[in-house]
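Listed here are the chains, written in short residue letters.
There are 2 protein chains.
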Amino acid sequence: MTAEERDVLDANAAFYAVFARRDADAMDALWAREAEVACLHPGWEPLLGREAVVASWRRIILGGGAPPGIRCERARAHVRGDLAWVVCAEVVPGGALAATNVFARENGAWKLVHHHASPMPQPRADGTLPN
Amino acid sequence: MTAEERDVLDANAAFYAVFARRDADAMDALWAREAEVACLHPGWEPLLGREAVVASWRRIILGGGAPPGIRCERARAHVRGDLAWVVCAEVVPGGALAATNVFARENGAWKLVHHHASPMPQPRADGTLPN
Chain A
1 MTAEERDVLD ANAAFYAVFA RRDADAMDAL WAREAEVACL HPGWEPLLGR
51 EAVVASWRRI ILGGGAPPGI RCERARAHVR GDLAWVVCAE VVPGGALAAT
101 NVFARENGAW KLVHHHASPM PQPRADGTLP N
Chain B
1 MTAEERDVLD ANAAFYAVFA RRDADAMDAL WAREAEVACL HPGWEPLLGR
51 EAVVASWRRI ILGGGAPPGI RCERARAHVR GDLAWVVCAE VVPGGALAAT
101 NVFARENGAW KLVHHHASPM PQPRADGTLP N
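Residue numbers (my numbering), protein chains in the order written: chain A, 1 to 131; chain B, 1 to 131.
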């Protein structure tokens, strides 16, 4: 793993730490200010633009919609220049989601520009996938 | 819109055109060969690596799993250097999905490195969102 990939994984871990501790101001600070941002929450219409995205996180975090104890597993980072993307699993009570997180480097720090999360299948008893 | 954003949107449109005409070989050719790739099909476990991703598309396309008449709407491209990401809606019979597509430039051409699709909510009669 390169140092840059580690930095991106640190930014990705910070996102889940902030979500888990329900800190709406810290969540705001994690999102890019120069690049355009977007967010696809599970089952929502796509949100475009910083204002709509940060407002949605405030609503989720302050409205009690943050799943207790959310944590990130199996994160893989891919960096090219000042843009990076991560695929990971979000473990929540009773199941897991799959997530894509995109980061852009702004003033030397990796900032979120896009988050997309969606349900993962429940594992079957025999370990096979539903599809 | 910049010329680069237009090029990325053309690559994104080509992806949906190939999916709609169910051309498994053309789908293979759209995916990056140098960069690592991943894919999050709706309700599947994450797929990592070119072999697994291209095999999944062959299985979907040749196995009759391609939704008839799929088309892309409201695509927005964001480019930084040799990496780009797109958010769009995938219109399929009876509903729509939200998609994130990530592209990397290889030998001057934008190639898919990641696709993540998940169901969008059905609009309510009063136009409000379920969340």
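Among the hints, a few may not be true.
Quick list of simulated restraints, FRET-style, between CB atoms [to be verified]:
#, chain 1, residue 1, chain 2, residue 2, range
1, B, R33, A, E51, 31 to 41 angstroms
2, A, L48, B, P93, 21 to 31 angstroms
3, B, A13, A, E45, 13 to 23 angstroms
4, B, E45, A, L48, 22 to 32 angstroms
5, B, P67, A, L48, 30 to 40 angstroms
6, B, R59, A, G81, 25 to 35 angstroms
7, B, A17, A, L48, 20 to 30 angstroms
So these bits of chain A aren't anywhere near chain B, every CB distance computed over 10 angstroms [said to hold, decoys possible]:
#, residue
8, A35
9, E36
10, E45
11, R50
12, V54
13, G64
14, R71
15, R74
16, R76
17, R80
18, V87
19, A104
20, A117
Hint data in this document are derived by calculation from the structure and do not stem from the laboratory. Only a predicted model underlies this, so the values are computations on that prediction, with no experimental measurement involved. Positions of the beta carbon are idealized from the N, C-alpha and C atoms, including for glycine.
State, for the Cβ atoms of B:A17 and A:L48, whether the hinted interval 20 to 30 angstroms holds or is violated. Given range 20 to 30 angstroms: holds, Cβ gap about 24 angstroms.
Does A:R50 really sit off the interface, with its C-beta more than 10 angstroms from all C-beta atoms of chain B? holds, 13 angstroms
Non-interface claim for A:R76: all C-beta distances to chain B beyond 10 angstroms? violated, 7 angstroms
Satisfaction of the hinted span 30 to 40 angstroms by the C-beta atoms belonging to B:P67 and A:L48: violated, 24 angstroms
Regarding B:A13 and A:E45, is the given constraint of 13 to 23 angstroms on their beta-carbon distance met? holds, 22 angstroms
Is the distance from the Cβ of B:E45 to the Cβ of A:L48 consistent with 22 to 32 angstroms? Roughly 28 angstroms apart at Cβ, these two residues keep to the hinted range, so it holds.
Find the nearest Cβ of chain B to the Cβ of A:V87 and say whether that gap is larger than 10 angstroms. It is violated; A:V87 is separated from chain B by about 5 angstroms at its closest Cβ, not greater than 10 angstroms.
Measuring Cβ to Cβ, find out whether A:E45 lies farther than 10 angstroms from everything in chain B. violated, 6 angstroms
Measuring Cβ to Cβ, find out whether A:E36 lies farther than 10 angstroms from everything in chain B. It is violated; A:E36 is separated from chain B by about 6 angstroms at its closest Cβ, not greater than 10 angstroms.
Does A:A104 clear chain B by more than 10 angstroms, comparing its Cβ with all Cβ atoms of that chain? Check fails; 6 angstroms does not lie beyond 10 angstroms.
Please check whether the beta-carbon of A:V54 is more than 10 angstroms away from every beta-carbon in chain B. Fine: 16 angstroms to the nearest Cβ keeps A:V54 off the interface.
Are all beta-carbon distances from A:A35 to chain B longer than 10 angstroms? Nearest chain B Cβ is 7 angstroms from A:A35, so the label is violated.
The structure fails to meet hints 5, 8, 9, 10, 15, 16, 17, 18, 19 and 20 from the earlier list, while all remaining hints are met.
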